[in-house]
Amino acid sequence: MEAISWNKRSRLLAAAIGVFVVALGISWVFHGTGVVHNDLSRNIYIPKELTMPLQVKAAYDGEQIYFRYRWPAKQPHIYHDMLRFEAGKWVRYGDSEAGPQAQGIYEDRVTMLVDDGGVPEFEKYGGYIAVGDRMRFFTEEAKADAVKNHPYLGKKKNQAEVGKHLPETRTDINDWSSVVPEARLAAQRKAGYFLDLWHWRAHRSNPIDKSDDQVIAEARYGDKGKSVFFNNWDAEKKQPLFMLDPDKTGGKVALAWDDLANRKLGFDDVYYMREDQTKPYDAAHPWKADDVLPRRVLRAGEGSAADISVAGKARWKDGFWEVTLVRKMDTGSPEDDKIFVDQRAYTVAFAVHRDSMGSRWHYVSMPKKLGLQRNADIGAAKFQGTEPKWDQPWSEVQLFYPGQVSWPLLNSSKHAGAANIRQGVPVKARHSEIQLAHYGVEMEFNDEIQKQWRYTLLAGLLLIAGFGVALVLLLPRKEGRQ
Amino acid sequence: MNAYHVMLVHFPIALWSTAALIIALRAFSDGTLARAADRILAPLLLLGGLLGACGFVAGLLVWPIEAVASSPLARNHVLLASWSLGYWLLLALVRWLGGEQVWQGLWRWTMLGLAGLGMALQTITGTLGGYLAGNPSAVSEVMRRLGWEVFTTFYLPGWVLIFLGIAALALIALGAAGGRRARAITTERITPTSGLTVAQK
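Protein chains in written order, with the numbering used here: chain B, 1 to 482; chain Z, 483 to 683.
Hints listed in this document are in silico derivations from the structure and should not be mistaken for laboratory results. For every residue, glycine included, the Cβ atom is placed at its ideal position computed from N, Cα and C. One or more of the hints may lead you astray.
To be verified - Simulated coverage check for chain Z against chain B, where a stretch passes if three residues somewhere in it have a Cβ under 8 Å from a Cβ of chain B:
#1 487-493
#2 511-517
#3 543-551
#4 576-589
#5 630-636
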């Protein structure tokens, strides 16, 4: 009787261990599932890859400064913002939207923020400082009407959404609308409290070998002058302003939707609209279904807005984009541009848009130090002659998907590192790029994950308790007892 | 509070690690040293549990609860710390109630397995704490290769939570089945003449 009993209890013990181990195994295999998913209604789309590499080189000769960027992309996206003729109307394709544009009509981009010390937090926290309250394409983005009706941002500056802005342009970083008085904004700009934004776009600037030149202060603006593109849309008549001039485009009046959908148009084809290749839109033209007109018109630009050019040709080849930009070191616009000076160090941060994604679906870098013959993450090589030799090695920069993490959040009680920010501890001292990417994704589902985490904690304790009860009940009795 | 938390958690770590070593020694040896060490195992485990609870409470005071609940790494640290504490207390209870009988048969290896899992939980908890304190280690890379990115919250989908609940109930049922059988056997062994069990004699 005793021998049988011992065996049975041993079997029960083995069964209890088995149940416990199986429960642990299933938990291990299926953890982290069931919550994170794309939800475009909440402006949530998680890129398949959370990080990507970017290679950077810089060179200068005392007059001009060059930046060369190289990054992987499965294919180039050079079409952007098109008007397709459908059932007698022009329908827009390729506007900013959450996640990838369905037809792949959204351009690739590389951007670089530059500071010379005028924005001290930028050196430590990079682009995070420019991500303010209720930004565009966040789940809780500000309503367009509220922005349009804002007395300064909307009424005076024609803003329709909350874009990148610097913290001290607000009296309260937790309130996008609390813009400081205009006189103070002007004084801030004069004092250098702005970020210079180099903004190369594969459609809206590259075909004419230009880059957009912008600035981030209380909002993101184009530099003074004429930007390198403008809108091809007559809102009143609901029709384009321009069409292609067949005499200058090899007989083309419009693009064909089939060519765009099947990616038939390459770098050497007309896939864009250049101002000098257009003529006024003719509504009487026999437009047919699937005719396409670009919604943006490219032009040379003027003034500070047209300071940055493409050196050579920016092209995608063998899975990589390679883009080289050039600008005068001193553009003569110190309230739009950061002026580069030999023997000085600057802070830069990069971002790449690819895979037909726009707005906040980009990969960003932590802040990096750029040195003009100074020790730095990226050393700009000084050269003599007509162009750089580019014989220095690439500086490797890891980019990451930042998710929905804003400067107000980082300074709030929700961020364990808020005290570190107050103490001036830089982001790179506490976080890696992959860590920031995962945190960014989790923040998009913070409430759901918190709830599931609490249940998981309790379920784990329940399992341990159940296992404990089983073990205690199955304990061998003291000698002489069974 | 961070400094006090870091200081306090070293006590349970040391005590539980020592306990795990004793369990390993006792699992493989019936010698005098192993038996002598085993005599302090239960108090060692209970003291570890007590100081672990102090460290746990201190840890919850390092940051606002809102911050802890919003940080993947902090969430994981709290989760693993809770499980570690619960798990080592379970081990303490088993050794306390089971006495030296836990070194018989399958129980000997069960104890060794329990200690191993306890050490794993404690190591992961400590690693996550190190990350939070600004001292990352390569253990996270090991976890990554095993299938868990420690920068993501360890949470379970609903159906797995239900499964765990059922597993917990099944465990209790298994224990109850064994317990009833043990009581039945004990009753059978009461002799009609003395009315005392063998053990009582």
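Subject >> chain B covers the stretch 576-589 of chain Z, three or more CB atoms within 8 Å, holds or violated >> reply: With 10 residues close enough to chain B, the hint holds.
Original post:
Are there at least three residues in the stretch 630-636 of chain Z whose beta carbon sits under 8 Å from a beta carbon of chain B?
Top reply: Coverage by chain B holds here, the residue count being 6 at a Cβ distance below 8 Å.
**OP:** Between the stretch 511-517 of chain Z and chain B, see if three or more residues pass the 8 Å beta-carbon test, and mark the coverage as holds or violated.
**Re:** Not satisfied, violated; 0 residues make the cut.
Original post:
Has the stretch 543-551 of chain Z got at least three residues whose CB is nearer than 8 Å to a CB belonging to chain B?
Top reply: Check passed, 6 qualifying residues.
Original post:
How about the stretch 487-493 of chain Z: do at least three of its residues have a C-beta closer than 8 Å to a C-beta of chain B?
Top reply: violated (count 0)
Of the hints listed earlier, those the structure fails to meet are numbers 1, 2, in rising order.
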